[in-house]
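Since the structure of chain A is provided, determine the placement of chains B and C on it from the hints.
Chains A, B and C supply the protein sequences, listed in that same order. Sequential numbering of the first sequence, starting at 1, is according to my numbering. Sequential numbering of the second sequence, starting at 1, is according to my numbering. Sequential numbering of the third sequence, starting at 1, is according to my numbering.
Don't read these hints as lab results, they were simulated from the structure. Even glycine gets a Cβ: it sits at the ideal position worked out from N, Cα and C. Hints are all accurate, no fakes.
Okay, the calculated beta carbon distance ranges per label pair:
| hint | chain 1 | residue 1 | chain 2 | residue 2 | range |
| --- | --- | --- | --- | --- | --- |
| 1 | A | E348 | B | D268 | 46 to 54 Å |
| 2 | B | A194 | C | L100 | 40 to 48 Å |
| 3 | A | E408 | C | L124 | 32 to 40 Å |
| 4 | B | V63 | A | I391 | 23 to 31 Å |
| 5 | B | Y165 | A | T309 | 56 to 64 Å |
| 6 | B | E184 | C | S181 | 28 to 36 Å |
| 7 | A | D388 | C | L124 | 46 to 54 Å |
| 8 | C | L100 | A | A147 | 38 to 46 Å |
| 9 | C | A89 | A | E310 | 53 to 61 Å |
| 10 | B | N192 | A | D263 | 57 to 65 Å |
| 11 | A | E146 | B | M1 | 42 to 50 Å |
Straight line, CA to CA, 25 Å or less: simulated SDA-like cross-link-like pairs of lysine to any residue:
| hint | chain 1 | residue 1 | chain 2 | residue 2 |
| --- | --- | --- | --- | --- |
| 12 | B | K2 | A | E214 |
| 13 | A | K130 | A | K371 |
| 14 | C | K178 | C | F203 |
| 15 | A | K218 | B | L8 |
| 16 | A | K31 | C | A268 |
| 17 | A | K385 | B | L134 |
| 18 | A | K385 | A | T305 |
| 19 | B | K139 | A | E214 |
| 20 | A | K218 | B | F150 |
To give an idea of the interface, some chain A residues facing chain B are shown, with a C-beta separation under 10 Å as derived from the structure:
| hint | residue |
| --- | --- |
| 21 | G47 |
| 22 | I48 |
| 23 | N186 |
| 24 | F220 |
| 25 | S229 |
| 26 | L278 |
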Amino acid sequence: MKRPLLTAATVACAMTTGAMSLNVYANEEYKLGLVTFLSGAASGPFGIPAKNAADLVIDAINDGTLPAPIEGKGIDGRMITPVYVDEAGGATKQTSEFRNLVERDGVDAVVGYISSGDCLAIPAVAEELKMLTVLFDCGTPRVFEEADYEYVFRTHSTASMDNIAAARYVHENVPNLESVAGINQNYSWGHDSWRDFTETLKVLRGGDIEITTEQFPKLFAGQYGAEISALQVNSADVIHTSFWGGDTDAFVLQAAARGLLADNQVIFTAGETALNSLGEHLPDGAIIGARGPFGPFAPESELNTWFQTEFTERFGTPPTFPAYHMAHALIGLKLAQDKAGVGASTEEVITAFEGLEFDGPGGRVEMSRGKGHQAATEMVYGRLKRVDGEITFTDITRYPADCVNPPEGAETVEWIKAGMPGAECN
Amino acid sequence: MKQLLAILVDGSVYASWLFIISAGLTLIYGVMRILNMSHGSFYALGAYSGAAMVGWYFSTGSVPWFSFVALIAAALVAGISVGLLVERGLLRFMYGRDEVVMILVTYGVLLIMEDAIKLIWGVEPYFAYQPYTLLGRTKFAGLSFANYDFMLIGVSILIGLALWYGLNRTRNGKLLRVVIHDREIASALGINVARIFTITFLIGAGIGSLAGALTAPGLSVVPGMGIEVIVLAFAVVVIGGLGSITGALVGALIVGMSRAAAVHLYPDVELFVIYAVMGLVLAFRPQGLFAVANARKI
Amino acid sequence: MKTRSLALLFVFGLVVIAGGLLLPQWMSYLFTIAMGKGLVVLGLVLLMRAGLVSFGQGLYYCVGAYVAGMLTQFVGVTDILVIMLASVAVSVAIAAIIGLLLCRYREIFFAMFSMAFSMILYGLLVRNQFLGSTDGFNVANPSLLGWTPGAEASSDLVLIVAVFLVIVLGAVAWRYLKSLSGYAGEAVRENEIRLEYLGGSVFRVVYVKYIIAAGLAAIGGTITALVSGHVDPEMAYWTTSGEFVFIALMGGTAHVAAPIVAAVLFEALRTYAFAVSPYTWQMILGFALLAIILFMPSGLWSLVERFQNKKARKTS
Chain A
1 MKRPLLTAAT
11 VACAMTTGAM
21 SLNVYANEEY
31 KLGLVTFLSG
41 AASGPFGIPA
51 KNAADLVIDA
61 INDGTLPAPI
71 EGKGIDGRMI
81 TPVYVDEAGG
91 ATKQTSEFRN
101 LVERDGVDAV
111 VGYISSGDCL
121 AIPAVAEELK
131 MLTVLFDCGT
141 PRVFEEADYE
151 YVFRTHSTAS
161 MDNIAAARYV
171 HENVPNLESV
181 AGINQNYSWG
191 HDSWRDFTET
201 LKVLRGGDIE
211 ITTEQFPKLF
221 AGQYGAEISA
231 LQVNSADVIH
241 TSFWGGDTDA
251 FVLQAAARGL
261 LADNQVIFTA
271 GETALNSLGE
281 HLPDGAIIGA
291 RGPFGPFAPE
301 SELNTWFQTE
311 FTERFGTPPT
321 FPAYHMAHAL
331 IGLKLAQDKA
341 GVGASTEEVI
351 TAFEGLEFDG
361 PGGRVEMSRG
371 KGHQAATEMV
381 YGRLKRVDGE
391 ITFTDITRYP
401 ADCVNPPEGA
411 ETVEWIKAGM
421 PGAECN
Chain B
1 MKQLLAILVD
11 GSVYASWLFI
21 ISAGLTLIYG
31 VMRILNMSHG
41 SFYALGAYSG
51 AAMVGWYFST
61 GSVPWFSFVA
71 LIAAALVAGI
81 SVGLLVERGL
91 LRFMYGRDEV
101 VMILVTYGVL
111 LIMEDAIKLI
121 WGVEPYFAYQ
131 PYTLLGRTKF
141 AGLSFANYDF
151 MLIGVSILIG
161 LALWYGLNRT
171 RNGKLLRVVI
181 HDREIASALG
191 INVARIFTIT
201 FLIGAGIGSL
211 AGALTAPGLS
221 VVPGMGIEVI
231 VLAFAVVVIG
241 GLGSITGALV
251 GALIVGMSRA
261 AAVHLYPDVE
271 LFVIYAVMGL
281 VLAFRPQGLF
291 AVANARKI
Chain C
1 MKTRSLALLF
11 VFGLVVIAGG
21 LLLPQWMSYL
31 FTIAMGKGLV
41 VLGLVLLMRA
51 GLVSFGQGLY
61 YCVGAYVAGM
71 LTQFVGVTDI
81 LVIMLASVAV
91 SVAIAAIIGL
101 LLCRYREIFF
111 AMFSMAFSMI
121 LYGLLVRNQF
131 LGSTDGFNVA
141 NPSLLGWTPG
151 AEASSDLVLI
161 VAVFLVIVLG
171 AVAWRYLKSL
181 SGYAGEAVRE
191 NEIRLEYLGG
201 SVFRVVYVKY
211 IIAAGLAAIG
221 GTITALVSGH
231 VDPEMAYWTT
241 SGEFVFIALM
251 GGTAHVAAPI
261 VAAVLFEALR
271 TYAFAVSPYT
281 WQMILGFALL
291 AIILFMPSGL
301 WSLVERFQNK
311 KARKTS
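Just chain A, same shape as in the assembly (with noise of 0.2 Å):
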């Protein structure tokens, strides 16, 4: 009886170690685990924006073709050699394949995650490997508020922003404003999108808001029909969706069909994607965010122009905020590589990447939270309006870092709670 078992597990462990001899490992060259969504929903509007970005920043990196001030080629001379991996699975899966970068494909740095649930989980195995990690797209502000990370970066900010803004922006420009209602994904992103912004909202205002209908569909649902008429029969002044991908595209077709567009104002604090495809379905006034001040409304700089240009040539739309997302976690990685000097150790790089500055094609990133490891950046909303068929943005109003970012050390919930203080608005 224990004969057949033992000849499986030889068979096993063959398999297993098969694995060895894929572990190639060559001093001149920078290892890097790029994890997004290849496959499944996420894919097309986040995954693949972000690693046609990845390929285009890391060739210019490589050729150091990269607009000034940013210098040199590769990564203290190593040029960058990229290690794609899926983000599909789940949590579980994904620090397993997180392990399999580090130990088997031995990579100096990850740069990864677009899925909140990945973000928590990924930190706490960097942190046992020692593995330097830029966490790129991810909104949860639950990964620096809950832990303190040493190997763990993000340099972007939170999701927390996006509606802490878009609360800010509806209450300064939209007159008469008495009510809200909301339709969000049944899940964490859905659920904090729009307690952050009720919360503020409640704040700005001093409780004096009315909430007509909160509507949850279930996460890639597709069908909205039932939820546009909840939200026609409980008209509100305006209605805040933190939609995303496929679900917004969805979302926009069918409301527009049902003239709840047109007869609606509506806050769509991640819609930057949805505008290359869609736009001519979003009605004039619409309000638009792109989670940070990337794409129509990235401050102009040389490095934006040659982003904006070079991503549309190569891959044929412009960049959206994942992609913008990507290109900022690869330069910061590399300044921050830079800053430490060639041959820098881990340690040395995170000393150097916190509390770091930086210019990227979406404007200034400063490492300035979670004690130098979370970006704070500014945050950006428009009403977009049609000039000759082309799409503009009126009424852009520039929120400061500080303006809708908790300081350092605050958690968001309590912060907006209580009153935002220390606020920065000017």
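Here is chains B and C on its own, set in the frame of chain A:
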């Protein structure tokens, strides 16, 4: 009042969509005893081929209304040809296996088709919104509805009628019902069961991909969209009784109406409503509402 | 004879543990996850031998993981033994209630209904802000009888406990399958009415197996939670349960070791598919699944049996 009206209309629209996505599933199970997990992939296939076709069609600048025909034709052609490939190339070697094994076989097909679709069309979203916006909207009682959704109700009624007529009023349909009732006796009577199986699978796959094509105009066609509908279609079919077309219709109506009611009255429970309904129905009718009785072997 | 097999098993366990500790960490991590999943599948195999396929083992897998997570994170209990016991207790209690309803069903209805329950848990967890909704939350490192290993050694601790549990529970399951109650499972699959005539209670047989399977799934979930350091509702999603059925079918139901070996192979296959082709790993899994069903209808274990039969013939 306004709310009640909204619930009824939303419920019917959603129910008709549910019926279209689950009719093919229940037909295939009824005849072949295969709970086809890859049904969702056929749905995605239909959506992609339909959307790609519509996109191309509008780039040629031809008459807009003809795009409906292009949409449906592309989906049917794609669905039926891939269906033929799957049935002739794989499933026919598996007939007679355990039902659960067949679930896993079709799960394998699903995994392969998901990536095959990705290899053909990439991960960029596809749009086919022209047919959706073409039909305009109707306003009444302070609510506005997309006419396309009403057309969806019409189409689902047509599909239901066609299936009912085909099964009850035609010779082939009667042969099919013999197979549904008892496969062994049917083949003993000289009915070509293998051919019936092929035809059934093609019809089922065709309806599945038609469902995708009809859904595509209202959303963006993205990877993974097929996976999302499988569970929904399963629930509808299980509530109605596996293998029963009437069951799928009633199941779709129940789920559609209860979901619409939940969205309007208690948005919090929207996520569970379908499972709650399923649990409730199965607690009283373990085989679903309209299940064909199964003889127990002694 | 019996003491010899036990001794052999013991030695084998030590070898596996030593091997597991010597492997590079990413492999021993995968191996530990595979042990956890193997236990879940072992429970599933018990049910499958009685002709029942549960598409909802994710329910107990997730309950076990969440109990472990909540105990370490919110209560401050980190002792791995206490956590295991608590997970199993909670799961068994839930299974005892759900089982009353579920064990009346057979075939596809059992499968679908069990899936519905796990999806309800998924829905509840997604709605729960305190437990982190879809993001889940992190799990603290475990300890054993007052000994707290550091961050690095804690995964070794989980590995040792996992292998120990797999061996002990595997041996118990093997004994169980050879018992009267174990054989009653096959009787249920073959013919329920005859079993009733013989004076057996079909319901009780199925009920007991369902509860055992739930307990095993909870242990599997706990192992996964402790080694990965994170739990999220994805563990209760139907695709997770589907994966367990996949592994069960891959291994076959012939022997209690089959699901464990299959789990190891599955994890290896998946991680390679991931590494070799990040774009089409699903397709690779799909083809592997179809190949197994087509060419090895009774799972990979049939290879071992074929080998065994050949040997038997030679010696006779």
